[in-house]
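These protein sequence lines are chains A and B, in that order.
Under our numbering, the first residue of the first sequence is numbered 1, with each subsequent residue one higher.
Under our numbering, the first residue of the second sequence is numbered 1001, with each subsequent residue one higher.
Hints are supplied without guarantee of correctness; some may be wrong.
[Stated by the list, open to error] Partner residues are not named here, just some residues of chain A that face chain B (Cβ under 10 Å, in silico):
id : residue
1  : S43
2  : N47
3  : L49
4  : R63
5  : D66
6  : V77
7  : Q98
It should be emphasised that the hints constitute simulated quantities derived from the structure, not laboratory data.
Glycine included, C-beta positions come from ideal geometry on N, C-alpha and C.
Number of protein chains: 2
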Amino acid sequence: MLIVQKYGGTSVGTVERIHAVARRCVQTQREGHQVVVVASAMSGETNRLIGLARQVSPDPNERELDALVATGEQQSVALLAMAIRDQGAVAQSYTGGQIRLVTDNAFTKARIRSIDEEMIRSRLRQGEILVIAGFQGVDPEGNVTTLGRGGSDTTAVAVAAALKADRCDIYTDVDGVYTADPNVVSGARKIDRISYEEMLELASLGAKVLQLRSVELALKYKVPLRVVSSFDGPGVDPQGTLVCEEDAMMEKVLVTGVSHSKSDARITVRAVPDKPGVAARLFGALAEANISVDVIVQTASVDHRTDLSFTVPRSDHAKALKLSGEVATAVGASGVESDERIGKVSIVGAGMRSHAGVAAQMFDLLAREGVNIQMISTSEIKVSCVIDEKYTELAVRALHDGFGLGKAA
Amino acid sequence: MLIVQKYGGTSVGTVERIHAVARRCVQTQREGHQVVVVASAMSGETNRLIGLARQVSPDPNERELDALVATGEQQSVALLAMAIRDQGAVAQSYTGGQIRLVTDNAFTKARIRSIDEEMIRSRLRQGEILVIAGFQGVDPEGNVTTLGRGGSDTTAVAVAAALKADRCDIYTDVDGVYTADPNVVSGARKIDRISYEEMLELASLGAKVLQLRSVELALKYKVPLRVVSSFDGPGVDPQGTLVCEEDAMMEKVLVTGVSHSKSDARITVRAVPDKPGVAARLFGALAEANISVDVIVQTASVDHRTDLSFTVPRSDHAKALKLSGEVATAVGASGVESDERIGKVSIVGAGMRSHAGVAAQMFDLLAREGVNIQMISTSEIKVSCVIDEKYTELAVRALHDGFGLGKAA
């Protein structure tokens, strides 16, 4: 098999960890597989470099910032290649530029255009373990670019897709994707298999295991993705969680997991005139300011006026509130109010497609705990409710229990 | 004018120093010059990375070591470019690979083959300050290489040569080349102008201001080189020392400077059979082991036997002694002895070419201080004496005084 292994910052965070990762890479090759490794910077290094840049410049030039922080991965892959060679395997490190991982020129958040997969294949045929710097590429002019936070996952999946790899294993500090955050629900259970679509909903709803873009990319190119722990030990499942196409077995499960997030703020514009173009004007202004809007709810119109509520990232709250106030005045709405003390709980499951009543069951479970629902948003495979922030953990536990996601007693 | 400015590790060692360097670069441009900057890694960074590599591997692979340590310069030039931009100038950082500084593939000690000077020229014409990572290049396959310790000087001179720059300014933590080490001779005087050949002798004899290869390169391409302090302050001469072609003014000076070194060891092979091929065998064995031999002295033959003495770097002493012993046995010499407690003092001056008696005067000055001379080596423009290590400083002061090199009283 051709296997891409991705190791995060904590997995290569110390000299000892680098040796452990090297042993795993070599062992995988000795089991008869072709191995490509993608690594992040040693944990802390990226933040150290960004801190240095901010000391030098209040608003660091983004091209230079990318050139600077990309060195973190260049260091870790060089060290990892040394360690792998010391175990007797053939290995070389590569920067994004050296495997011709070409991106657009959107510095600090570049998108991948192409990879020189023929070069990688030819090295693999010679028995080499390639150790590729994650998170980085070069634009068509040869400037160093980076893919944004969590970009090493994206590099790994993109390399796996280009090579049509049999599997992309994402080694991290947890041993898989759970039915809920184990810090909130002690009985949360590791999920053995999950579909791309479900993982996408979980990733976008606040589960921090995989970066959203990497899951989108895996779905697009049908790359089987495995989330697995790079730390051995008692209670750690070496199988992790496999993210793959939906199959018959999965469909038996109604709800796969419960996710939650406390990083949003709600804004409500009161008594908006109910006429065409008003919503477009409001959300156009927010989009222009690069503020992503999540849940949007519009109440039924009364006297040709309606209330418009939506959520934005808490970090954009002040900016969004100011913009909304300007638009509200311009269109003749009566006023704007907002709340940062909101939480969002969501249930995700491919089984919802074929089963009615799941949303109703969710609302009932929350009502029984006395949790009031402020906003509701649904997709084919998820239902999200915005609630008072203080009830978030209570709601997660109630839903996890109510849908029977816990470990078998 | 087109000026290349090179800044060493201490010159970019802190955020404050980076800002000071940025101001100087921008000021030079505002005075009407085209400016190319070459920078080393922040002081301490290269050693930190090498230490990390040695923790990971007892004998780090050299390709990976180069990929690792080259990140130090990539970081400092990115930070410096940010700082220059903040002063309102146009600037970009470049790795060795990005200016197509192509070397051979002798990792950790690569030699430069070519530079894409047309790209640099075109950027300069657009008013850009180019900030180039010193010490590094890429081989024809695109692997990162480094030029060896002090390689940033070599990068700066190579770039200046490729561009036919009007001057290459080496900013460092001293304000020029001195007639002797000021730590040994309190009356040592800064030299205003010195010829390439003299500088070469001084550099190779232990003066640590400029890397030998950079002076060779400057001589070959006639690049006017200026050694100057990057620190302003009282007593610091902003003019530094100009290294250039010999001119009429210089020839008036008999001796330009006194240098010394305490990093050699002497090996003597006793009673070597005086027949062809013996010396070749001995020094061939040392050369094969990559040990550079400096002073060689052979005594006149007595009974077809001769004593052969030579100096090697102290760090290679043990290895050289073992090899010499093997060869001595094989050729039937009577034995080998060695001494680490030796010092070397040298006088350098282009004026020696046209003046006899300089060597004799040197020997006389040493004799008057009771310093016994163990070995002598001469070139057209220098005389070196190997002496007992403990007399080194005394000898330097005696020569400095005797040849009248001190400050005018």
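Results of checking the hints against the structure:
1. Interface hint status for S43(A): violated, as the beta-carbon distance to the closest one in chain B is roughly 14 Å, over 10 Å.
2. For N47(A), the suggested interface contact is broken, since its CB lies about 14 Å from the closest CB of chain B, more than 10 Å.
3. Nearest Cβ of chain B to the Cβ of L49(A): about 7 Å, under the 10 Å cut. The hint holds.
4. Of the supplied interface hints, the one on R63(A) holds, with its beta-carbon coming within about 7 Å of a beta-carbon of chain B, less than 10 Å.
5. The restraint placing D66(A) at the interface with chain B holds, with a minimum CB-CB distance near 8 Å, inside the 10 Å limit.
6. The restraint placing V77(A) at the interface with chain B holds, with a minimum CB-CB distance near 8 Å, inside the 10 Å limit.
7. With 10 Å as the threshold, the beta carbon of Q98(A) comes within range of chain B, its nearest partner Cβ sitting at about 6 Å, so the hint holds.
In the structure shown, a violation is registered for the earlier hints numbered 1, 2, in ascending order.
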